[in-house]
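Undergrad: Same order as they appear, the protein sequences are chains A and B.
So the number in our numbering is just where the residue sits in the first sequence, counting from 1, plus 3.
So the number in our numbering is just where the residue sits in the second sequence, counting from 1, plus 2.
You may find that some hints are simply not true.
To be verified - Restraint-style ranges between C-beta atoms, simulated for each label pair:
(1) Leu183/A x Phe204/B: 44 to 50 Å
(2) Val275/B x Arg179/A: 46 to 52 Å
(3) Arg102/B x Asp160/A: 26 to 32 Å
(4) Leu107/A x Leu288/B: 15 to 21 Å
Worth flagging that the hints you see were computed from the coordinates, not collected in a lab.
Just so it is clear, CB atoms sit at the ideal spot from N, CA and C, and this is done for glycine as well.
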Amino acid sequence: MSGRSNGLRAYALLYLLFLYAPILLLPLFAFNSGTIIAFPLQGFTTDWFTQMWGNPTLRRALSNSLIIAVSASVMATCLGVFAARATTRFTFPGKGGIMGFIMLPMVLPEIIVAMSLLVVLLGLGIELSILTVILGHTLICMPYGIAILSTAFSSLDRSLEEAAYDLGETKWGAFRLITLPLVMPGIISSLLISFTISLDEFIIAFFLAGTEPTLPTYIFSQLRFPKQIPSIMALGTVLVALSILLLGIGEYFRRRGIARMGGKNGGGFL
Amino acid sequence: MAKPGMDREARQGLTLIAPPFLYALAILAVPVLTILSYSFLTDGYLEVIGEFTFGNYIQVWSDPIVRAVLLRSLSVSAAVTVVTVLLAFPVAYYLSFVVRPERKSMWLFLITIPFWTSYLIRVFLWKVILGYNGVINSSLTGLGIIDQPLTFILYNVNSMVLTLAHAYAPFAILPIFVALEKIDRSLLEAGRDLGENRLMTFWRVTLPLAMPGVVAAVLIVFIPTIGDYVTPELIGGGKIPMIANLIQVQMLALDNRPLGSALAVTAMLVVAVVSLIFLWLNRRFLRVKQ
């Protein structure tokens, strides 16, 4: 390797360190017995994890977040299957515009989505609850689901379906028996990514949940109390570990799906 | 293909796309249009009066505070975009040109992981790192390098730029990487064969061909950062609001929905105009289809 690529490699590694710096600090403070988040570290403790587990508001936030994330990821993935199938298999008038519009929440500032939805819900007199958060989260998870599912659907061999028709299967039968199993890794990957996004989403949950806590809004409310910070660090450690695990599984299925259809691995999630 | 066949295919496609499209219409388009119509209505006490007015826009556009916050949001976003894209380009270049093909997806996965993990806690941790008693300050004082904690790194625009640049890093790397991957490697060899040195080949061949990715990266970082709510709140200490914080105050704390709507619409307009100008400036790079 030349000196130039060694320089680039060193830079890329430094950049990774910059990306991971906050996440690496998280467990240090979560297991640190000092009550103040600063160096030098005091001693080892698991008290913050125990304290976190015994907190009833946190448990409520956790169950709310899980309900929201499961519902939003299932809804987003179902809607995503329709969109991915339509965009990879059919041509129809206004395709570019429609798809662009559906993918818009990916770049739109979340505050705009949250505020406008809030105004409409309040205008209609709809009570804010975790249901309204699910509506918002489905919207913002959908484009990511579509991006993943489109890759899965586009590497599908159309002749397999046609073979199924020729052998007497109905449209639905062919979809269920041929298409669905082949894109299943994409579906699982889309479910996991949507779940992770929803679990982590703050703005929409903050404005649309009413008085119900979710994990991010609970964390936000606790950040102003210095005494609570160590147990928030413990919570953060658990969440980060969970996200990495889910993403790892998602990535595994995404790659397996690509390998199964003999495709080339094009890259990451986006 | 015969005409009726086309129609049938179009109909099937439209039927399939209908559920997600209708969902986005109901949850995104209807609310945004509602905001748009509210922005032309009059604010009464606790309710919106159905009286047409340009008053909200006049008030928003003539208010020096709004102007200052909008300018700050724009400059913070612009700084974040420049920093993020400049820092990201060499990484994308490294991934595309140096890393062996079978290890590329591993690198991409490593880069995207931090992006998916607890945004709120990551932002807060920057406060911990940069704070008055934070990691940097307590380490430096502990080592005896400084006597007084450094104050220029917290509760100001610099720390907001750093935090946001960290948060949006993968967004910048991925589009540039994709553009670099598309470049036909023989073009680079041709450049070298024709007597250009490495640097000039990069400048005259690689960079122009990578520009569509850079443009995408700029927009994909710039547009969401301008509406960021959390970073000004946590890192800026609530004292240096950006446009999202102002919208929230008008809409909820002051309960003036028409004025808040006018602010939101103004923010969207400004973002759209800036993005379009940027696209227009780079039009010659985008015209080339590979």
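Undergrad: Are the hints correct? Go through all of them and say.
TA: Now the hints, each set against the structure:
1. For the pair Leu183/A and Phe204/B, the beta carbons lie near 46 Å from each other, so the given range of 44 to 50 Å is met.
2. Evaluation of the 46 to 52 Å hint for Val275/B and Arg179/A yields a pass: the beta carbon distance comes to about 48 Å.
3. Look at Arg102/B against Asp160/A: about 29 Å separates their beta carbons, and that is inside 26 to 32 Å.
4. Checked against the hint of 15 to 21 Å, the pair Leu107/A and Leu288/B passes, with Cβ atoms roughly 20 Å apart.
In this structure, every one of the numbered hints holds.
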